[in-house]
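If you want the building blocks of each chain, they are given just below.
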Amino acid sequence: MSETSPDTDLFAQQRLGQAIRIAEAILFASTEPVTGKMLAERLPDDVALDLVMERLVGAYANRGVNVVRVEDAWALRTAPDLGFLLRRDAPQQKKLSRAALEVLSTIAYHQPVTRAEIEDVRGVETSKGTLDLLLESGWVRMRGRRRTPGRPVTYGTTQAFLDHFGLAELRDLPGMEELKGAGLLSPRMPSNFAVPVPPIENDLLRDDEDELTDVDLEELGLLTPRVTED
Amino acid sequence: MSETSPDTDLFAQQRLGQAIRIAEAILFASTEPVTGKMLAERLPDDVALDLVMERLVGAYANRGVNVVRVEDAWALRTAPDLGFLLRRDAPQQKKLSRAALEVLSTIAYHQPVTRAEIEDVRGVETSKGTLDLLLESGWVRMRGRRRTPGRPVTYGTTQAFLDHFGLAELRDLPGMEELKGAGLLSPRMPSNFAVPVPPIENDLLRDDEDELTDVDLEELGLLTPRVTED
Amino acid sequence: MNSGHKDGEAAQPVSPEELWSDNKTQGLSEPELVVDVAGFEGPLDLLLHLARNQKVDLSQISVVALAEQYIGFIDRVRAMRLELAADYLVMAAWLAFLKSKLLVPKQRNEEGESGEELAAVLQFRLKRLEAMREAAARLINRDRLGRDVFARGAPEALELDRSVTFEASLYDLLAAYAVQRQRQAISNVQIAARGVWSLQDARDLLVRLVGHSGDWSALNGFLTQYLSDPSQRRSVLASSFAASLELIREGKLEVRQEGAFAPIYMRPGQRQLQLQPRPRLVGDVT
Numbered sequence: 014m015s016e017t018s019p020d021t022d023l024f025a026q027q028r029l030g031q032a033i034r035i036a037e038a039i040l041f042a043s044t045e046p047v048t049g050k051m052l053a054e055r056l057p058d059d060v061a062l063d064l065v066m067e068r069l070v071g072a073y074a075n076r077g078v079n080v081v082r083v084e085d086a087w088a089l090r091t092a093p094d095l096g097f098l099l100r101r102d103a104p105q106q107k108k109l110s111r112a113a114l115e116v117l118s119t120i121a122y123h124q125p126v127t128r129a130e131i132e133d134v135r136g137v138e139t140s141k142g143t144l145d146l147l148l149e150s151g152w153v154r155m156r157g158r159r160r161t162p163g164r165p166v167t168y169g170t171t172q173a174f175l176d177h178f179g180l181a182e183l184r185d186l187p188g189m190e191e192l193k194g195a196g197l198l199s200p201r202m203p204s205n206f207a208v209p210v211p212p213i214e215n216d217l218l219r220d221d222e223d224e225l226t227d228v229d230l231e232e233l234g235l236l237t238p239r240v241t242e243d
Numbered sequence: 014m015s016e017t018s019p020d021t022d023l024f025a026q027q028r029l030g031q032a033i034r035i036a037e038a039i040l041f042a043s044t045e046p047v048t049g050k051m052l053a054e055r056l057p058d059d060v061a062l063d064l065v066m067e068r069l070v071g072a073y074a075n076r077g078v079n080v081v082r083v084e085d086a087w088a089l090r091t092a093p094d095l096g097f098l099l100r101r102d103a104p105q106q107k108k109l110s111r112a113a114l115e116v117l118s119t120i121a122y123h124q125p126v127t128r129a130e131i132e133d134v135r136g137v138e139t140s141k142g143t144l145d146l147l148l149e150s151g152w153v154r155m156r157g158r159r160r161t162p163g164r165p166v167t168y169g170t171t172q173a174f175l176d177h178f179g180l181a182e183l184r185d186l187p188g189m190e191e192l193k194g195a196g197l198l199s200p201r202m203p204s205n206f207a208v209p210v211p212p213i214e215n216d217l218l219r220d221d222e223d224e225l226t227d228v229d230l231e232e233l234g235l236l237t238p239r240v241t242e243d
Numbered sequence: 002m003n004s005g006h007k008d009g010e011a012a013q014p015v016s017p018e019e020l021w022s023d024n025k026t027q028g029l030s031e032p033e034l035v036v037d038v039a040g041f042e043g044p045l046d047l048l049l050h051l052a053r054n055q056k057v058d059l060s061q062i063s064v065v066a067l068a069e070q071y072i073g074f075i076d077r078v079r080a081m082r083l084e085l086a087a088d089y090l091v092m093a094a095w096l097a098f099l100k101s102k103l104l105v106p107k108q109r110n111e112e113g114e115s116g117e118e119l120a121a122v123l124q125f126r127l128k129r130l131e132a133m134r135e136a137a138a139r140l141i142n143r144d145r146l147g148r149d150v151f152a153r154g155a156p157e158a159l160e161l162d163r164s165v166t167f168e169a170s171l172y173d174l175l176a177a178y179a180v181q182r183q184r185q186a187i188s189n190v191q192i193a194a195r196g197v198w199s200l201q202d203a204r205d206l207l208v209r210l211v212g213h214s215g216d217w218s219a220l221n222g223f224l225t226q227y228l229s230d231p232s233q234r235r236s237v238l239a240s241s242f243a244a245s246l247e248l249i250r251e252g253k254l255e256v257r258q259e260g261a262f263a264p265i266y267m268r269p270g271q272r273q274l275q276l277q278p279r280p281r282l283v284g285d286v287t
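Residue numbers (my numbering), protein chains in the order written: chain A, 14 to 243; chain B, 14 to 243; chain C, 2 to 287.
The following block holds chain A by itself, in its conformation from the complex (with noise of 0.2 Å):
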């Protein structure tokens, strides 16, 4: 490092240079995101992939037209606070019904997902056509098959549609981590899930009984959930 002369140097600083117009013509030519590995094969070799693009999300940071990842690949988009201006030239795009939103929000947050846990989660059969047009649209994919009786399909979501949602990773995806800490993204009910012993239901008053109050509860010390053993 030490025997770097200054030439060497603006040399350095011109292939980078170099480097991220080459980059950049890539990305501005493309509609769909682009692999690492693609722009990594167009890019001279002794420049590292990681610089280049970390200069490129840099200089587009606050243009009207972005650079943002999407897992392993990049793509150009106009900056979201100016969608409004572009949108008037836009294509309606079709509106997904309720039902094919829902089995498209349990597949990403559930995946790899079958058929069976997508309706257990939802407890309605999913109607044909639904998985089918989520399938058309290119959002949702076959991923595999799990290893249990009867193989069953295991379903997830696409790069396509991490890209439609401005999501970089399924990490991303709102709310992730609450819902798995919180164990609502498991398949069967989770151990710690909190089994709620009712104190004494009001429901469950008998004919001789009166309604007690919450004064009442207090005062008897029942307020405080506990386990009742007849």
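None of these hints come from the bench; they were simulated from the model.
It should be emphasised that the depicted structure is a prediction, and the values quoted were computed from it without experimental measurement.
Do not rely on the hints blindly, as some may be mistaken.
Unchecked claim - Coverage of chain A stretches by chain C, computed from C-beta distances (three or more under 8 Å per stretch; other residues unrestricted):
1. 113-120
2. 127-137
Unchecked claim - Take a look, some chain A residues computed to stay more than 12 Å from chain B by CB distance:
3. T21
4. L64
5. E84
6. D94
7. D145
8. R184
9. D185
10. E191
11. L192
12. P203
To be verified - Straight-line C-alpha distance at most 20 Å; calculated DMTMM-like pairs for lysine to aspartate or glutamate:
13. K50/A with D63/A
14. K193/B with D133/A
15. K108/B with E118/C
16. K50/A with D176/B
17. K128/C with E118/C
18. K107/A with E157/C
19. K108/B with E45/A
20. K50/A with E84/A
A virtual CB, placed ideally from N, CA and C, is assigned to each residue, including glycine.
Given the coordinates of chain A, assemble chains B and C onto it according to the supplied hints.
Okay, now just chains B and C, sitting in the frame of chain A:
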């Protein structure tokens, strides 16, 4: 002009900056060059279009993409020196035709399968061109010859097929129930309807299959007769 | 510039009801829902709605009251002689069972899950469904490509990955396969109208009901009460009894009866009770 205070100056700067961002996003998202008139309509009223475009052209002057003027309109174009990145002959990625997809899927599910059998499943004749195309794609291969009169060639899929469609193994192809569940197959199929399950060891020749020999390949016109080796 | 200020609209939270505005197309894609019970997406959705009316915190709801509200709702709908999707009735039967378990103190010799545990499972499922609802709403309100954020309008072909010249997705492939196989299969299949319950229907319902409880349950009563109109009770009873025998033979169900004409108790057997991807039940309950 002389009375401009530093405050209004800053404000004007911000207005100009925002106008540049807007122009940039519009040029980026537009499918064709955008006229000055159209741009002016979208920009804040008190900002001069000329100034905005001058700045924008300047900002992109040395980048991988330039802002160019096309008559009275503006567009973003790849920098001329980076033209090598762009495809000249532009043969777009070929989409497989519906017929080709049907033949491909029939081969995938029913392999090893002869041409006559494919036709039996599909109910229509398969053109030679379709099979050739699939062989060319690298997703279909000739597996061997069936030990029946006429010794018809059997077709199967390749590793490249599995790779492209994201399948770990052939058995990951969804079965009948899964196809129904995804809405791809009507739930009301005749009771004698079945979707074959590909074997686990698919690479092995079946009992009724013979290996393809060089002579076979020659007969099929796939091997140019006897190139002498040096 | 001063017109079309829609960005504020996207930012503020939208209630789920407003979100799914085009329910008209839903009718087409979901022809199999017999009765759209006031726009609910299945029994769990209806339960969630009822629970929401009870309390803000789902862990504080009274499950007994919830069960009563649900059963009351179903009874009213049935009184109006509307057909209900089987799912709603299965849930009514199960809730009636759960309620009875919660009201009667636990018997000493009773095995398996208590009413409280079953209630907790129900609460978990309600919470989970609600979480997915909220997640869907948050998802759909993000800045979305093609609506708030845009891609390059005039893309250019790149000299990238020349090796792949053919394009097709797994979905294309499967759709092509299904379409042609379907075309070839005999297309006019007559579905006979059913006046009675088939064994398969009864079997599916038993699997779902017993699977719900995981414990000794006397389900017959609830089964006949909620799953049929009076004229069908015999058929339901006969079919479900026959179906239970079949399930026992397969080791998927166990039954117990204290004496003649006493309630028949059922619970899942050693083999996993699993619903195969099932044929639709809708339309069976008439």
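Hints not upheld, ascending by number
6, 7, 15, 18
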